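Numbering (the working numbering), first residue to last: 27 to 323.
Everything labelled a hint here was simulated from the structure, so no lab data went into it. Everything numeric in this text was worked out from a predicted model, so none of it was measured. C-beta: ideal position from N, C-alpha, C; glycine also. Treat the hints with care, as some may be off.
As the list claims (entries may be wrong) - Pairwise CB distance ranges (calculated):
1) R280 / A260: 30 to 40 Å
2) D232 / T100: 28 to 38 Å
3) R281 / A202: 36 to 46 Å
4) L216 / E263: 23 to 33 Å
5) H272 / L216: 20 to 30 Å
6) D235 / A137: 39 to 49 Å
7) D45 / T296: 26 to 36 Å
8) T49 / D80: 34 to 44 Å
9) D298 / A101: 51 to 61 Å
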Amino acid sequence: MSTPRAYLFVPGDAPRKMDKALTAGADAIILDLEDSVAPARKADALTAVAAFLDARPADATPEFWVRVNAAEPTAALAELAALPLARIAGIVHPKLERHDQLERMGAWLDALEARDGLPAEGTRILGIVTETAEALVGEHGSSLARGHPRLRGYSWGTEDLSAVLGRPPLAGNTDAHADLARMVQRHCLLLTAAAGVDAIDGISADFRDQAALARSCDYARELGFVAKLAIHPAQIEALDAGLAPHPDALAWARRVRAAVADAPDAAALTVDGRMVDRPHIDVAERLLTRAGEPGAT
């Protein structure tokens, strides 16, 4: 399938919500074993998620991902070992701080794919990279820019970071909250650019405010995000529309492709009265590929 635009979180201890998510229209569903599940219910959640996945065909859509308790390595490995990897597109790694954590997750998946007779590196990783202060300013945080063969993309969040900073969640969308969100959003965006992976925008917590969600999606798209995390089915339609490549941008990209076809050996071209060179051509091709119009330059 094409790159997902909507990744919908669903609590792993809520089988009815998991079933309902199948008809929500999301490109990808994240079955959560981490923060949305109370500690006393994590074992039940793992059992429910494994059963839900076992009931899906191997080629089922949407994509299925599982967020594991990666901050507790023993628990995370036990969760991975209990999951039917053949039914999973990837694993969400929360609280990702350092490249060696990616390597550890990759090594676990190597062993489990071999155990299950699955193609090597078929299970992807999506990292959430701004949930701790260490991830942002620690000496190893920049190592995440190196990426990993399994890496689908990076996303960001402020909920856990706010707790570290002592900021109560009831503070709402104040200027201080907006400043914090923009800081970590940009940090995530730059990491994805360096690693060459998808930039996936964080959640919009107020799922009832459709106007705010639309603004958030427009802003994220303009920055360069190609997808977004969702927490409620009511967000999917606006999210999918808001993160689709803008029609004007697609029209520009087609003109760039046509100009390249007319002068394939030119180092620089003129499109709409402006100079276009290799970085612009690459952007145009990525836009068209995302829109289902792949082609070589």
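Measuring from beta carbon to beta carbon, are R281 and A202 in 36 to 46 Å? Hint holds: Cβ distance 43 Å, inside 36 to 46 Å.
For the range 51 to 61 Å, tell me whether the beta carbons of D298 and A101 fit it or not. 54 Å, holds
Would you say the C-beta atoms of T49 and D80 sit inside 34 to 44 Å of each other? 20 Å, violated
Within 39 to 49 Å: is that where the Cβ-Cβ distance between D235 and A137 falls? 44 Å, holds
Could you tell me whether the CB distance from D232 to T100 stays inside 28 to 38 Å? With Cβ atoms ~36 Å apart, the hint holds.
30 to 40 Å as the expected CB spacing between A260 and R280, which holds or is violated: 34 Å, holds
Does the Cβ distance between D45 and T296 fall inside 26 to 36 Å? Cβ of D45 to Cβ of T296: about 54 Å, so the range 26 to 36 Å is violated.
When you take the CB atoms of H272 and L216, is the distance between them in 20 to 30 Å? 22 Å, holds
Within 23 to 33 Å: is that where the Cβ-Cβ distance between L216 and E263 falls? 30 Å, holds
Comparing the model with each numbered hint stated earlier shows that hints 7 and 8 do not hold.
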